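Asker: Below are the chains, spelled out letter by letter.
Number of protein chains: 2
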Amino acid sequence: MSYLPSVQKLIDEISKFPGIGPKSAQRIAYFILKSDEKFVFELSESLLEVKRKVRFCETCFDLSEDVICRTCTDPRRMNQTICVVEEPKDVIAMEKTNEFQGRYHVLGGVLSPLDSVGPEDLHLKELLKRIDKESITEVVVCTNPNLEGETTALYIQRLLTPLGVKVSRLASGLPVGADLDYADEQTLTRAFTGRRLME
Amino acid sequence: MSYLPSVQKLIDEISKFPGIGPKSAQRIAYFILKSDEKFVFELSESLLEVKRKVRFCETCFDLSEDVICRTCTDPRRMNQTICVVEEPKDVIAMEKTNEFQGRYHVLGGVLSPLDSVGPEDLHLKELLKRIDKESITEVVVCTNPNLEGETTALYIQRLLTPLGVKVSRLASGLPVGADLDYADEQTLTRAFTGRRLME
Numbered sequence: 288m289s290y291l292p293s294v295q296k297l298i299d300e301i302s303k304f305p306g307i308g309p310k311s312a313q314r315i316a317y318f319i320l321k322s323d324e325k326f327v328f329e330l331s332e333s334l335l336e337v338k339r340k341v342r343f344c345e346t347c348f349d350l351s352e353d354v355i356c357r358t359c360t361d362p363r364r365m366n367q368t369i370c371v372v373e374e375p376k377d378v379i380a381m382e383k384t385n386e387f388q389g390r391y392h393v394l395g396g397v398l399s400p401l402d403s404v405g406p407e408d409l410h411l412k413e414l415l416k417r418i419d420k421e422s423i424t425e426v427v428v429c430t431n432p433n434l435e436g437e438t439t440a441l442y443i444q445r446l447l448t449p450l451g452v453k454v455s456r457l458a459s460g461l462p463v464g465a466d467l468d469y470a471d472e473q474t475l476t477r478a479f480t481g482r483r484l485m486e
Numbered sequence: 288m289s290y291l292p293s294v295q296k297l298i299d300e301i302s303k304f305p306g307i308g309p310k311s312a313q314r315i316a317y318f319i320l321k322s323d324e325k326f327v328f329e330l331s332e333s334l335l336e337v338k339r340k341v342r343f344c345e346t347c348f349d350l351s352e353d354v355i356c357r358t359c360t361d362p363r364r365m366n367q368t369i370c371v372v373e374e375p376k377d378v379i380a381m382e383k384t385n386e387f388q389g390r391y392h393v394l395g396g397v398l399s400p401l402d403s404v405g406p407e408d409l410h411l412k413e414l415l416k417r418i419d420k421e422s423i424t425e426v427v428v429c430t431n432p433n434l435e436g437e438t439t440a441l442y443i444q445r446l447l448t449p450l451g452v453k454v455s456r457l458a459s460g461l462p463v464g465a466d467l468d469y470a471d472e473q474t475l476t477r478a479f480t481g482r483r484l485m486e
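Protein sequence lines, in the order shown, are assigned to chains A and B. First residue of the first sequence: 288, per the working numbering; consecutive thereafter. First residue of the second sequence: 288, per the working numbering; consecutive thereafter.
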C-alpha cells in the first residue's frame, strides 16, 4: 500500500524544492489536502503568474516584469558604479540600506567547484560587456562572506583590475550589536586585521 | 524597494506551508523562478488535481479518490478491529508492517490544548458510531508516543472502555537496532517498566 498516485506525484514535485526532504514534502502535501479550495487555486495561479510575468532583466539579471528592470532604467541612479551580488534577494537587502546609488549586476550564483558551478555559469561575460559599454569605474563586490563568496570576489577582482576598474569588497567584521564573546574565531580575526584607526 | 508584487504574493503563500519560514519561502520562490516552465505547469496542475480528485473517506477519513476508500471496502480485511491513527501517513506506515488486517480510523490530529485542538476537532464522534454500527470489539490506538499522542490515547481509552471495547496501545520502548547508551531517559524508563518475561 502506498499513496494515491495524484498525492505521490505532488509529494515528488514538492521534494524537488530546495531544503525540502521527503518528510517535509509529505507534510506540505497534507497541508494542501487540508487547505480550502480557494488557497490552492490561488497558489496554483500564483505559480503560473510568476512564470508568465517575471523574467530576468537582460542587463543586470535582477528579477523584472520588463525586458530591462526598473533599476536599470531609473535615470536617478548613478552610472559608472556597479554593485555585484549573488542573487536578486541581495539587491533588496542592499537597497534597504539606502547606501548605494549606482547600478546592480546579479551573478546568479557563486563559483563552487563542488556543485560544478564555474565562471561560465555566472553572468560574468555580461558584466565584462557592461564595464566597457557603461564606462564603469568602480565595482563593489557584495558576494556573501563565505568560502564561495570570497573565491568569487577574488576571481572578479583578478578579472577586472587589469581593465583599470577599481574593485572593492564589503567589509568583514563583527556585526553591529554582536557580542565579542559569541563571535566565531574567523569573524574576530577579520575584525582584528581589518581594524580601523579612530580619528 | 521590495519584491515584484507577483513574487511577493507567491512568497506569502509558500510561507503558509508548515515548517516553512519567510527565508525558506523566498528560496523556494527563486527556485520556481529558475525552474523550467514544464515543471511549474505540472506543479500547478498537480495542486489542482489533488484538490479535485482526493477527498477524505467518509468512513475512516483516510485519503481516498472515492466516497469510501479501498481499505474500507476491501472484503478481505478483518472486521471488528479498528486501528486508530493520527494522520493518513500513519496508515501507510502501519500497512508496511503487514501486521494489521483490520480496519482503520484516522483522527485527523491529536488533542492539543496549546493549539486549541479539542475532542470535537477530531473524528471521535464518527469513531463512536462505527464502534456501534460495525460491532467493534478491539481498538488499537496507534497515536504517536509523545505528550499529545498519549493524552489522546488515554482519552480514547476512557471513552471506549465503558462500552465494553478492548482498547490497546502500541508498545513503547527501545527501537530495534538502537543503542542503550544513546536512548533518552523516558524511552529507557518505558522500556524498563514495559519489560517482558522471556519464555
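These are calculated hints, taken from the structure and not from any lab test. Some hints could be false.
Copies of the same chain are indistinguishable here, so a pair counts whether it falls within one copy or spans any two.
[Said to hold, decoys possible] Here are the simulated DMTMM-like pairs of lysine to aspartate or glutamate, each with C-alpha atoms no more than 25 angstroms apart in a straight line: (1) Lys453 with Asp323; (2) Lys383 with Asp408; (3) Lys321 with Glu336; (4) Lys310 with Glu421; (5) Lys412 with Glu373; (6) Lys340 with Glu382.
Remember, it's a predicted structure, so these values are computed and weren't measured experimentally.
Asker: For Lys383 and Asp408, with the copy left unspecified, which applies at a CA distance of at most 25 angstroms: within, between, both, or neither?
Answerer: Neither: 28 angstroms inside a chain and 44 angstroms across chains, both beyond 25 angstroms.
Asker: Please work out whether the CA atoms of Lys340 and Glu382 approach to 25 angstroms or closer within one copy, between two copies, in both situations, or in neither?
Answerer: within (23 angstroms within a copy, 45 angstroms between copies)
Asker: Check Lys310 against Glu421 for me: Cα-Cα at most 25 angstroms, and say if that holds within a copy, between copies, both or neither.
Answerer: Intra 49 angstroms, inter 34 angstroms, cutoff 25 angstroms: neither.
Asker: Indicate which option fits the pair Lys321, Glu336 if close means a Cα-Cα distance not exceeding 25 angstroms: within, between, both or neither.
Answerer: Answer is both: 24 angstroms inside a copy and 14 angstroms across each meet the 25 angstroms cutoff.
Asker: Is it within, between, both, or neither for Lys453 and Asp323, if the alpha carbons may be no more than 25 angstroms apart?
Answerer: Neither. Shortest intra-copy (55 angstroms) and inter-copy (37 angstroms) distances fail the 25 angstroms Cα cut-off.
Asker: With identical chains, the pair Lys412 and Glu373 could be close in the same copy or across copies; at 25 angstroms between alpha carbons, which is it: within, between, both, or neither?
Answerer: Classified as within; 15 angstroms inside a copy, 55 angstroms across copies.
Of the numbered hints listed earlier, those contradicted by the structure are 1, 2 and 4.
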